Every structure is written in structure tokens, then in C-alpha cells.
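Going down the list, the sequences are from chains L and D. In this text, residue positions in the first sequence follow the numbering used here: the first is 1, and each later residue adds one. In this text, residue positions in the second sequence follow the numbering used here: the first is 159, and each later residue adds one.
In case anyone wonders, no lab produced these hints; they're calculated from the structure. Take these hints with a grain of salt, some might be off.
[Said to hold, decoys possible] Heads up, simulated BS3-like pairs for lysine-lysine below, C-alpha to C-alpha not over 30 Å straight-line:
(1) L:Lys120 - D:Lys306
(2) L:Lys158 - D:Lys306
(3) D:Lys224 - L:Lys157
(4) L:Lys29 - D:Lys160
(5) D:Lys310 - L:Lys120
(6) L:Lys138 - D:Lys315
(7) L:Lys138 - L:Lys47
(8) L:Lys138 - D:Lys224
(9) D:Lys223 - L:Lys138
(10) D:Lys258 - D:Lys306
Quantities reported herein were computed from a predicted structural model and do not represent experimental measurements.
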Amino acid sequence: MMSWREQQLSWFHEPVMIQQDHDLVEYMKSNNITQARIHGDVEFFSKHVTPVEHSSDFSIWIENDTTQLFDFALLVDRLNHEIQHNLLTNGVLYLAVNKFLCEPKQYDIALPEDYNDAIKQYLETTIQASLVTALLPKHIEGNKFNWVHPLTRFYFKK
Amino acid sequence: MKIIQTNNVPQLDDTVLKALSTACVYPMSDVVMSRVIDCLIPGATAILFSGGWRFNLDAIYFEEKKFKALPSIKTHDKMYFVTTDNIDLVTTVLKKTSVKNILFLHSAEFCNYRCVSTLIDCMNDYLIPGAQAILTVPTIRTDFNRLKYSCKDIAQKYSAEYVDHAFIFKRNQTQQGEPA
Numbered sequence: 001m002m003s004w005r006e007q008q009l010s011w012f013h014e015p016v017m018i019q020q021d022h023d024l025v026e027y028m029k030s031n032n033i034t035q036a037r038i039h040g041d042v043e044f045f046s047k048h049v050t051p052v053e054h055s056s057d058f059s060i061w062i063e064n065d066t067t068q069l070f071d072f073a074l075l076v077d078r079l080n081h082e083i084q085h086n087l088l089t090n091g092v093l094y095l096a097v098n099k100f101l102c103e104p105k106q107y108d109i110a111l112p113e114d115y116n117d118a119i120k121q122y123l124e125t126t127i128q129a130s131l132v133t134a135l136l137p138k139h140i141e142g143n144k145f146n147w148v149h150p151l152t153r154f155y156f157k158k
Numbered sequence: 159m160k161i162i163q164t165n166n167v168p169q170l171d172d173t174v175l176k177a178l179s180t181a182c183v184y185p186m187s188d189v190v191m192s193r194v195i196d197c198l199i200p201g202a203t204a205i206l207f208s209g210g211w212r213f214n215l216d217a218i219y220f221e222e223k224k225f226k227a228l229p230s231i232k233t234h235d236k237m238y239f240v241t242t243d244n245i246d247l248v249t250t251v252l253k254k255t256s257v258k259n260i261l262f263l264h265s266a267e268f269c270n271y272r273c274v275s276t277l278i279d280c281m282n283d284y285l286i287p288g289a290q291a292i293l294t295v296p297t298i299r300t301d302f303n304r305l306k307y308s309c310k311d312i313a314q315k316y317s318a319e320y321v322d323h324a325f326i327f328k329r330n331q332t333q334q335g336e337p338a
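Let the hints inform the model, and build the full structure from the sequences given.
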């Protein structure tokens, strides 16, 4: 079964790339990143960077398995483990989450009202690395059908 | 290389239209459908932009104009193909046919990751006097702050029902807005 990305791309007769993928590929190119640890969408990103199992100075973490909901608290635990054990000093973790798949076990009413801001604040205070960039899809008004909601993306530096 | 967004599609040929006709509706459980049926008031029913080809209800159906060109689509006797922004045309037909129930059922085309207040506003645009609008949407496709609120919180805030992983919003002309 084709992924949403494969299906969407297969309809174009010319080479095309989805903006959010292109942004990451360009980031890797401009930073001379040739290998990375990859969690999620491994097959796709392996075309652009060599996947490695050992510690690396770049980690790609895609949380977008539409068959599985996730809990941000558990995700943070896993990300902190990744940062602590598999990311080299000064290494960068790229995180892209499908925020619609979140199903927490508990809720925090003190977080900002805006969901994007809430995610950013939550991650900033729980991820054991510095937030460098947050790419928040704030301008999706729903006036055009999306195959998938654009991912909410972050770069953290150890 | 051309860069596209997640809402870009190429020219609409049969292959793309067929995929779109599947992707533009969300699977709907019998539990949710049964609850909708229970909520219907006596009178005619219209089902809007919900993939009418998957329902057998005696209703007036409105579907996106682009699907008219799809040869494999199952059509109903009373099926109109319009664009989602042609609200005046739809409401005129709804009034002329004295529709009492205006349904949006798990429509990806209509709901499309919108936040709840936008969804309710869009649904209200189609309301006509003496009728009720009912909109169902999977919770997973609705934009709300999931770190802060549960589905039950959202249902309570917007006077919705939370049934089988879906929200059911009901409005008539005397209760269009967001509850205080």
C-alpha cells in the first residue's frame, strides 16, 4: 500500500517534492549532512541521507504513523533517550510530528491556548536540548483539501 | 524540481479523481450513523459534500462539482454537483425543497483539519430557517489543543456529542454560535 506521500507524488509527471520534505533535504545539504539516524519515513529519507545505527550528529525523527496515536510525554522520553545516548555533542535532532495523532494521558490547562504554541512550550520545557527552530503550520485554514496536515517541525541542538 | 504543498494535486484525470473521491471522505462507523439517524427531525434530508455515493438514505445529495466527471461514481436521483463555495445556490435549493435536516457526514472535503469554531461557522453558513444542521467529524481530524483539552472537554465546550471517536455538532438558527 502506498503512503500518502507516494500517492500524491505519483500523480505528477514531473519531479516534485513536498515543501516540508524539501526544507529538510535543503537543510541537510547546506549543513553537509551525509548520514543520520532516522526514525520514521526511513525509506523516503534514505534516498537523501545515509541511515546509520550508531551515534550521529544528526537525527531525523518523524512521528507520523497514522495507524498509531502517540502520547507527547512518552515521545519526549524517547527523544531524550535519543539525545542522551545517540546524538553526539553539538548534534542536531530534527523532529516532525503530526499533531493530530496526539492522545495524551493527562492534560495541562496551563499551556497556551494555541495548539502550536502549546506544543512548542511543552517541548521547550521537556526536551533536554536547545530549541533552535520551530516551524509551526499556523496558516492552514482548511480552505483546500490536504492529503495530510503539514507536520509541526522543530530543530533541537544538543 | 517543483516544490508542492500537501494540498496540491495535478490536473484532475480519472485516476486522481478516483483517489480524491476516496480521500475526501472519512470512514464512518455504524454507531455514528445510527446516532445521526436518531437525531433527524421529520422532513426532507440533504447530505452535503459527504461522499453521497456511499449512502442509501432517501435524501438530496450535494457533491463537489469535480466528481461529476468521475464515471464510476454512484449517483442518486436527487444529486447536485456544486462547488463548496457556492453557498447561495445550495441554500436556495435547500429552501425550495423545504429541507429539515442538513447533514455533513465525515467529510474530509468540508472539515479538512479545521478548528471546531471554523467548522461550526462553515456549517452555519448552510443553515436555513426551520432546519437543523448536523455535522459529524472524526476527532482525529479536528484541530484543537490536544495537550490542553480532551475530546470530552471539546464536546462539552461546543455542546457536541462525543460518540465512537467522532464529534457530532447540531445547530439550528436559534443556536448557531459557540455556547457561552
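Do the hints match the structure? See the list:
1. L:Lys120 - D:Lys306: Given that 30 Å is the threshold and the Cα spacing comes to 13 Å, the pair holds.
2. L:Lys158 - D:Lys306: holds (28 Å)
3. D:Lys224 - L:Lys157: violated (46 Å)
4. L:Lys29 - D:Lys160: Status holds; Cα separation ~17 Å.
5. D:Lys310 - L:Lys120: Between Lys310 (chain D) and Lys120 (chain L) the Cα gap is close to 24 Å, so the pair holds against 30 Å.
6. L:Lys138 - D:Lys315: holds (23 Å)
7. L:Lys138 - L:Lys47: holds (29 Å)
8. L:Lys138 - D:Lys224: Roughly 28 Å between the alpha carbons, so the hint for Lys138 (chain L) and Lys224 (chain D) holds.
9. D:Lys223 - L:Lys138: holds (29 Å)
10. D:Lys258 - D:Lys306: violated (36 Å)
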